[in-house]
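In the order they appear, the protein sequences are chains G and R.
Numbering of the first sequence is given in the numbering used here, commencing with residue 351 and proceeding in unit increments.
Numbering of the second sequence is given in the numbering used here, commencing with residue 325 and proceeding in unit increments.
The hints are simulated quantities; they were obtained by calculation from the structure and are not laboratory data.
Heads up, a few of these hints could be off.
As the list claims (entries may be wrong) - As a list, the in silico BS3-like pairs of lysine-lysine whose alpha-carbon atoms are at most 27 angstroms apart:
1. G/K547 <-> R/K347
2. R/K349 <-> G/K550
3. R/K580 <-> G/K601
4. R/K580 <-> G/K600
5. R/K349 <-> G/K547
To be verified - Here are some of the chain G residues that sit facing chain R, going by a computed Cβ distance under 10 angstroms:
6. T353
7. W369
8. L557
9. S583
10. L610
To be verified - Pair ranges (Cβ atoms, derived):
11. G/I388 <-> R/E395: 31 to 39 angstroms
12. R/K698 <-> G/E397: 48 to 56 angstroms
13. G/R482 <-> R/R521: 42 to 50 angstroms
For glycine and all other residues, C-beta sits at the position ideal for the given N, C-alpha and C.
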Amino acid sequence: METLLMLALMLATAKLLGWVFERLGQPIVLGQILGGLIIGIFAESTEIVREFSNLGVLLLLFLAGIESDLQEFRRVGRPSILVAGIGVLFAFILGFLIAYPFAGFQEALLYGALITPTSVSITVRVLMELRRLRTREGTTILAAAVVDDVLGILILTMVISLLREGSIDYRTIMEIIVEVSGFLAIFLYLGPIFAEKAFKRISRIDLPESTTAFAIVFLILFAYMAEHLNLASILGAYMVGLTIGQTSYKKQVEDHVSILGYSLFIPIFFVEVGMRIELTYVFHASIFAILYTAIAVVSKIIGCGLGAYLAGFDIKTSLRIGIGMIPRLGVELAMLTIALSSGVIGSEALTIAIFMVFVTTMLTPPLLKLAYKH
Amino acid sequence: MDVFLELAVILIVAKVFGYLATKIKMPGALGQLIGGILIGPSILNIVSYSEGVHLISEMGGILLLFLAGLETDVEEFKSVGVPAFLIASGGVVVPFMMGYYISKWFGYGRTEALFLGSVLTATSVGLTASILMEMKKLRTKEGTAILAGAVVDDVLGIIVLTALIAMHRKGHVYIEDLGILIGEIAVFFIVSWLVGRPVVKELLLLSERIDLPETLTAFALAVTLIFAYIAEQFKIAGITGAYLAGVLIAQTDEAKRITDRMITISYSLFVPVFLVGIGIKTDVEILLHTGMFAILYSIIAIIGKIAGCGVGALIARFKPKEALRVGVGMIPRMEVALIMANVALTEGIFDKGIFSIPVTMVILTTFVTPPLLKWVFSRD
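The shape of chain R in the complex, shown without the other chains:
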């Protein structure tokens, strides 16, 4: 099929299935994912995933992380500090370890197991936030802790993934080299912070003087793409670069305007294509073979977060009941987990069969969270 026609079909599916999902009070992203599975090769086989669509979907992942970076408030980050950090760390370490060992136990190789572990780390808190808002519980101690924890755990998750990608690309996975590796990543972050910040600031100032339509947006887009490219050159995942570009631009005066326009660009085209694209790439047939493991993996995803974040919250002096709420609130995985799985797929670490496991996990955790959350918050 013609590329543009394929795009049109994907966009329709994205919005229609997203709409259906919101009707049953589920996140739109979940509907888009399922819509993608439906039109993908394993069920209806309507779209073939051509190269142009592929690029747009990759850019969707990059833009999502860029937007996540734009929303990261460095100041707030410092102020919620300790409890959020404890909760997030617990929620990263425990699922990662559990995911790694269960995958090894089921016979996956070391690299696959490491990546399957890392996909479990990042919470997507959008679903929790919307449910808590509905229950008027967002502005509680637990609500704030969940929001802040989710931001920290995105960052931690990205760091874990970045480290793994770099290890994989160097061709060996030795724990002894981890120190050097973390050093390299730190250098990349520090250099792009020190050099990138003033350069980005100057570039945006320059773009303000150019009075052609949408110059600011175009420059922000160019900066993001270049950061993604440079990150790749440093053997770090492109999405990490995009996230960093977002954080840098969030510091400038133009952040608000850029965010608005980037949302338009992302959600009208790139992000729907990304989400539906993930569905298209999910092979349902293979999933039937690995079904047992996929379900076990999803259970690990749920228990891992409740246990990890819960313990973190307990250490931060939350009551057991509050700690449980925080743990449940951190269950859902969506965009970041999918982006990570997608990176693993493009790196050739996951085959289509393994790729469908995290996708199942995302769908299951999303379905489980709303009832669980209502249950733990209504128990007084």
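Looking at chain G on its own, in the form it has when it is part of the complex:
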């Protein structure tokens, strides 16, 4: 029964503090993490709450997958791939290099992977405010953010998989690449056809919410399968979302799963992340936290900016795109919990990464506005 009360308080806190932050023009998620930090002072998270939160991670990735529009993606194509690709590469390499002296080889790989994805919701809000979202750089940023999620998840998957194999050599890397691309190919080519047929049968079941229930079943099964192939569960969750997004059941499944996600499991996830923060770590590892955050900012500006420049944008616009790609939020945090469960990095990584998340998201709006002033 205490668990029920805990869940209720976490929910109420998530929505109230999320609202306060929204009013302050800050990302909702930051409010929810802060709420978790406050609850964390009074109560500790339990095993069951953590299971709820893990389901939240999977639902979050599933929804990210189902929302990404492959059509849009093909249209914007080349520039967004350049922006995202080079941005991810720079972030990964620089993140690795900066973490190496502090944390050692294996952990540094994870630190590098963790700063690769971008969450552009805050950028979108600022661009809308500036009435610049419907420009070429606006659409490029939107599309790049999708590519960037995929690349981020892939890199994390490969890193985790490498660390699990134990030995890091040329052959293992090749094996993992083959595995991951096989997984992707199966999903992208066979997935939509299979899913369409499966859901057609399922929709004949005359019970309430059968399609939603089976969407959850697929989500869990493929997350589990990915996990068993030594890939990360979030890759499975994301791919299931992406696949269902290609079928005619997209709207129905998306609507219902987001009700389930946003009314319970996803807010619980963000609050639970906040509850895990241990403030003492921030002061301990302060130099590393600051350097890591600085690299997170710089690598995206340079990497994504370079990508944009190569795609034919002028220097000023390239800089704007680079800045727009700085913030890290949803997928980043989801990846973080997965990285933590791999056991390679300790819980201090959580605090450091959340520090980075806070700084990058809060830094972006003023920087972006500055870049548009000149």
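Following the hints, position chain R against chain G.
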């Protein structure tokens, strides 16, 4: 097995077996129950019932009662009034007494017997409603009486159960204290009505101003969980609190939207896990030992409702033929009975052996109702 994988298996079983049940014109819930028994430890032993699954199943029970509360229309309640109340009271008192005495007679202790009696009280009218609708007999005098009677008898059943739980938790079962106990429960209801109603209303209004996704639903969920928690603190069953939260929210303007979303949340995850979970917890092997009694108990469940509701209907000036129809329509037991049995199990009043008796009763009453109902309604 991993918790999530367990959830996936349970969901598949729920929907597949529910589908098979609807194919033979039985309620989906029955299929889910049987599917649960099949994968449970006593037959296939596929899932172990872990703590996470347990919590989701508990929340399923809470959400079911919350939804029942949301559907309770206080105004309509007042208008059908007297006959429904007579039918429901007869249908609560008679099965309760019969269930209690037969259990005592078969050697069960006083507490177990009281709970076995109380499980027999609440009708789940969904099955009857769907059959009558098919026969185009729902909008008859008997149909309306059955629908209204079932709502009243849910409430009466919950009150009986709440009283029993409170008695059990106080550690003694004296009839003399019943007055004080009913007083306490009444105080809980009145206070939560007076204080809860404005607070809930304000909270929902506040949530309307917060434009984050699904804030309204999240708040409704939080209110339900908190009511369940507070009810537990008052030594009242958590499901009673959830039901009350549903009734309170049904009074607000947001009721419709909350109902839609709660149905999505409940039926896509929590309720199937609850129903299959009941099946998993049912121990078939023990049932074989107590088989005789389980069957007798089920017969009592059927006769008790026909007699009790029938007499109630007769007093309300129904003709004997109509009274019989009403009585038969009130036979099926499903969700509420299972929730009650589940509460008794978690309270430690029922062991697994006793728990399987009400489950048998639910399955048998569900199977018996459709043919009986067709028979009494086609006899003119």
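Against the structure, the hints come out as follows:
1. G/K547 <-> R/K347: 21 angstroms, holds
2. R/K349 <-> G/K550: The given pair, whose Cα atoms are some 22 angstroms apart, holds under the 27 angstroms limit.
3. R/K580 <-> G/K601: Since the Cα atoms of R/K580 and G/K601 sit roughly 21 angstroms apart, the hinted pair holds (cutoff 27 angstroms).
4. R/K580 <-> G/K600: Since the Cα atoms of R/K580 and G/K600 sit roughly 25 angstroms apart, the hinted pair holds (cutoff 27 angstroms).
5. R/K349 <-> G/K547: 25 angstroms, holds
6. T353: 6 angstroms, holds
7. W369: The hint holds - G/W369 has a Cβ within 10 angstroms of chain R, the shortest such distance being about 4 angstroms.
8. L557: 5 angstroms, holds
9. S583: 9 angstroms, holds
10. L610: Check passed: Cβ of G/L610 comes within 5 angstroms of chain R, closer than 10 angstroms.
11. G/I388 <-> R/E395: 31 to 39 angstroms: Given about 37 angstroms between the Cβ atoms, the range holds.
12. R/K698 <-> G/E397: 48 to 56 angstroms: 50 angstroms, holds
13. G/R482 <-> R/R521: 42 to 50 angstroms: 48 angstroms, holds
Of the hints listed earlier, there is not a single one the structure fails to meet.
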